[in-house]
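Numbering (the numbering used here), first residue to last: 1 to 84.
Keep in mind the hints are simulated off the structure, nothing from the lab.
Just so we're clear, the structure is a prediction, and the values are computed from it rather than from any experiment.
Result set (PhoX-like, lysine-lysine): computed pairs, CA atoms no more than 20 Å apart in a straight line:
| hint | residue 1 | residue 2 |
| --- | --- | --- |
| 1 | K41 | K21 |
| 2 | K34 | K21 |
| 3 | K8 | K31 |
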Amino acid sequence: MKKDIHPKNYREVVFRDVTTKTQWITRSTAKTDKTTEFEGKVYPLYDLAISSYSHPFYTGKRKLVDSEGRIERFNRKYGRKTTF
1 MKKDIHPKNY REVVFRDVTT KTQWITRSTA KTDKTTEFEG KVYPLYDLAI SSYSHPFYTG
61 KRKLVDSEGR IERFNRKYGR KTTF
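Taking the hints into account, I'd like the entire structure generated from these sequences.
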């Protein structure tokens, strides 16, 4: 890593998804007053309301609501014209 290109407070921080309680460590400049013990060491803790561990798009629990019939209109316009 090159010297003097990162901010002075660039350090290891534990991020926690408060919904799933999943924690991971990465380097960041996120400001926080909380600390936590992670794998035997004390690190700054930054709580996230949502992450890829709890977001419906990334967890596969996304629900598609088609209240205006957009899918049916698309299928009528661009769908197959022939049947097998």
